[in-house]
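Chains as they are written, first to last, in the numbering used here: chain U, 1 to 330; chain S, 331 to 656.
Don't take each hint at face value.
Claimed, not checked - For lysine-lysine, the following PhoX-like pairs were computed, each having C-alpha atoms within a straight-line distance of at most 25 Å:
no. : chain 1 : residue 1 : chain 2 : residue 2
1   : U       : Lys78     : U       : Lys105
2   : U       : Lys227    : U       : Lys163
3   : U       : Lys315    : S       : Lys465
4   : U       : Lys87     : U       : Lys315
5   : U       : Lys217    : U       : Lys192
6   : S       : Lys532    : S       : Lys583
7   : S       : Lys377    : U       : Lys163
8   : U       : Lys78     : U       : Lys288
9   : S       : Lys510    : S       : Lys637
10  : U       : Lys7      : U       : Lys78
11  : U       : Lys315    : S       : Lys575
12  : S       : Lys377    : U       : Lys132
13  : U       : Lys105    : U       : Lys315
14  : S       : Lys555    : S       : Lys644
15  : U       : Lys130    : S       : Lys377
No lab work stands behind these hints, which were simulated from the structure alone. Keep in mind that this is a model prediction, so the values were computed, not measured.
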Amino acid sequence: MNNADKKRLLREMLFARRFEERCYEAYVERKIGGFLHLYPGQEACCFGVMEAARPGHDYVITGYRDHVHAIKCGADPKEVMAELYGKETGSSKGRGGSMHIFDVKHRFMGGYALVGGPFPLAAGMAKAIKLKGGDEIAICFLGDAANNQGTFHEALNMASVWKLPVLYVCENNLYGIGTRIDRSTAVTDQYKRVAAYDIPAAQVDGQDIETVYEAAKVAVEHVRSGKGPYFLELMTYRYRGHSMSDSNAYRSKDEEKEWANRDPIYILRDRLIEAGELSEDEYKAMDKTIIDEIENEVIKFAEESPEPPVEELEKYVLAENDPWVHGGVK
Amino acid sequence: MAEMMFWEAVRRAHDEEMARDPLVIAMGEDIGVAGGTYKATQGLWDKYGPERVIDTPISENGFTGLGIGASFLGVRPIIEIMSVNFAWLAMDQIFNTAAKVRYMSGGQLEAPVVIRSPGGCAHQLGAQHSARMEKVFMGVAGLRVVTPSNPRQAYGLIKSAVRCNDPVFINEHELMYNMKGEVPDGEYFHPLEGSEVAREGKDVTLFGYNVSVHWCLQAAEILSKQHGIEAEVVDLYSLSPLDRKGIVESVSKTHRAVIAEEAEPAVGVGAEVMAILNEECFFELDAAPVRVSAANVPVPYNHGLEKAAIPNAKDVVEAVLSLYGR
Ligand SMILES: Cc1ncc(C[n+]2csc(CCOP(=O)(O)OP(=O)(O)O)c2C)c(N)n1
Ligand SMILES: [Mg+2]
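With the hints as extra help, turn the sequences into a complete structure.
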């Protein structure tokens with residue numbers, strides 16, 4: 001990773017942070033409804049892994065905390081914000097919402113709200129890749145608590161027994177909503193659990209993007225070379241509540257402070273400043289440009305976009321004019 | 331037209347579709363090396379190999395989800411769930427993913443999977459192997475539900491379902507795999523929507539689907555021979571969507587209706603057909619429609635109790651006679 005890459009990644013992570021913070025405000029203003037799960041604190045996980053993969057080429061799937069993953073794959077932030085606003089111009093045409101961002105043309109295969117749901121879907125995409133003979137891989141980003149679902153065990157077993165090209169990334173932020181991992185999970189080191197399925201695994205610091213990137217390079221190479229699945233556990237922390245309705249009362253101030261000191265954006269920023277690659281002023285200017293861009297382009301687009309027409313309520317339930325419904329074309 | 335058994339028709343549909351398109355795959359428990367519990371995939375493993383005829387672990391939600399994920403990328407999986415009772419475990423992926431992904435992605439993604447599963451009551455299999463779950467599947471938007479009553483439909487419905495871009499659940503019946511029937515020699519694609527008049531009549535309409543079509547046909551025979559009543563039998567092979575138009579058309583002619591279902595009455599096909607009759611042709615009715623349903627009990631093991639729990643042709647005859655106050 002050279003300095004230009006690092007600077008670009010710093011900008012991307014900062015953009016993601018500001019984007020999410022702006023979502024928070026829009027939610028408070030009631031422009032965004034439903035459940036809203038934000039990503040601040042975990043940015044190095046998504047950006048570090050995807051830097052080692054091929055965004056737009058590899059198939060990515062995740063849970064409900066999905067805005068940033070979509071954007072990193074290539075989704076237009078304007079469309080993601082418009083989706084949160086429920087607009088027709090949104091990435092899912094306002095039918096999905098925050099938890100269901102899709103951008104299939106960039107191979108972001110969706111955010112899913114059922115905890116653990118994407119595990120087998122990712123294995124299935126990997127099965128399809130294998131059948132079709134492509135060099136893509138499937139990447140599944142999920143949380144730590146998701147690993148207590150049956151789908152985790154079912155999917156990892158199948159991925160291993162069929163040697164499927166799928167990378168499972170566990171963003172271990174130590175909590176499933178308000179339940180700390182050691183209160184719900186017998187083996188708190190998640191990478192150890194996949195030994196049961198004979199899948200190679202690693203656990204690294206998820207706050208340092210360079211560390212994530214190096215570990216992800218090994219993981220991606222393993223999967224892409226046809227050796228089967230890989231499991232990468234990234235130790236991280238979310239800075240906000242689980243969702244907007246979370247009082248966040250279950251974590252100690254000390255713990256929060258400890259992790260705030262390991263902010264992935266500041267780690268990278270300080271490293272670049274120390275190396276003389278970036279100045280404080282440059283960073284501040286970068287931040288300002290981002291904030292302005294989000295306000296003047298992203299939010300503006302979402303605000304000004306039209307609502308989906310009510311006449312199209314039933315569009316997208318089933319395929320349109322599928323000839324096989326009537327026994328094919330005669 | 332050649333006669334073949336139901337399982338042979340299912341197998342033939344698999345074979346033809348797999349020969350045509352290398353992205354059509356079959357998956358399920360014991361469908362490969364073992365050839366399938368009901369022989370429906372016999373010989374396919376030898377012909378197409380383990381990458382396309384996949385013996386899955388006993389992980390219903392997992393392998394159904396895997397098939398759905400593969401379908402996102404254009405693969406056409408035909409998933410066999412060994413018994414519909416086990417499909418409860420896969421409901422998460424069927425309902426939460428397959429049925430909703432087109433909608434919640436704003437039309438970007440689709441899940442063209444075919445899920446086949448035998449349900450119904452066979453003989454003394456007990457409560458956990460006798461579920462009739464069509465009512466559960468047909469209540470959810472985004473999923474097509476069809477249910478064949480004979481080998482021709484079994485063959486043609488699979489053929490169309492594989493090619494259709496929607497997820498399709500095919501509700502088969504454990505007792506029907508050895509049933510014989512005519513199947514066209516050439517390729518045949520059965521429509522996924524609509525209904526079929528299995529027997530014409532003018533006095534009363536008997537609605538059936540899957541196994542209950544046969545009770546209705548037997549009942550129609552008895553009614554004609556012994557009671558001078560000419561019953562029309564309508565085969566509702568598509569449960570979602572139900573054929574509103576066909577249902578109304580027949581009852582507008584006969585003015586009387588009986589719905590026969592193997593399932594418990596609540597929230598079922600009978601209830602739904604009655605609602606349609608209420609909404610669409612209330613003033614055409616000469617008598618209040620009647621449904622013939624299973625007893626509202628977990629299916630018992632004991633032979634006599636099981637028989638008492640599940641309706642048959644005689645019950646359909648009695649229901650019809652009740653419409654005439656006989
Ligand atoms: C099947 C299911 N059960 C419960 C929930 C409610 N729920 C949403 S997120 C969540 C916690 C998940 O935690 P984790 O997997 O660690 O991901 P994180 O939110 O920490 O990123 C729960 C219990 C759900 N959405 N789906
Ligand atoms: Mg978590």
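Against the structure, the hints:
1. Taking the CA atoms of Lys78(U) and Lys105(U), the gap is about 16 Å. The hint holds against a cut of 25 Å.
2. Taken as a hint, the Lys227(U) and Lys163(U) pair is honoured in the structure, with Cα atoms around 7 Å apart against an allowance of 25 Å.
3. This hinted pair checks out: Lys315(U) and Lys465(S) have alpha carbons roughly 24 Å apart, not beyond 25 Å.
4. With a C-alpha separation of about 15 Å, the suggested pair Lys87(U) and Lys315(U) falls inside the 25 Å cut-off, and the hint holds.
5. Proximity of Lys217(U) to Lys192(U) is assessed by CA-CA distance (about 20 Å); at most 25 Å being required, the pair is judged to hold.
6. Taken as a hint, the Lys532(S) and Lys583(S) pair is honoured in the structure, with Cα atoms around 7 Å apart against an allowance of 25 Å.
7. A distance of roughly 22 Å separates the Cα atoms of Lys377(S) and Lys163(U); the hinted pair therefore holds under the 25 Å criterion.
8. With a CA separation close to 18 Å, the supplied pair Lys78(U) and Lys288(U) stays within the 25 Å bound.
9. Of the pairs offered as hints, the one joining Lys510(S) and Lys637(S) holds, with about 24 Å between alpha carbons and a cut-off of 25 Å not exceeded.
10. Restraint check for Lys7(U) and Lys78(U): satisfied, since their Cα atoms lie roughly 23 Å apart, inside the 25 Å limit.
11. Proposed proximity of Lys315(U) and Lys575(S) is supported: the alpha carbons are some 21 Å apart, at most 25 Å.
12. At most 25 Å may separate the alpha-carbon atoms for a hinted pair to count; Lys377(S) and Lys132(U) meet this at roughly 19 Å.
13. The hinted pair formed by Lys105(U) and Lys315(U) meets the criterion: a straight-line CA distance of about 20 Å does not exceed 25 Å.
14. Annotation: proposed proximity of Lys555(S) to Lys644(S) holds, straight-line Cα distance about 14 Å (limit 25 Å).
15. Distance check on the hinted pair: Lys130(U) and Lys377(S) sit about 19 Å apart at the alpha-carbon level, within 25 Å; holds.
In summary, the structure agrees with every hint in the numbered list given earlier.
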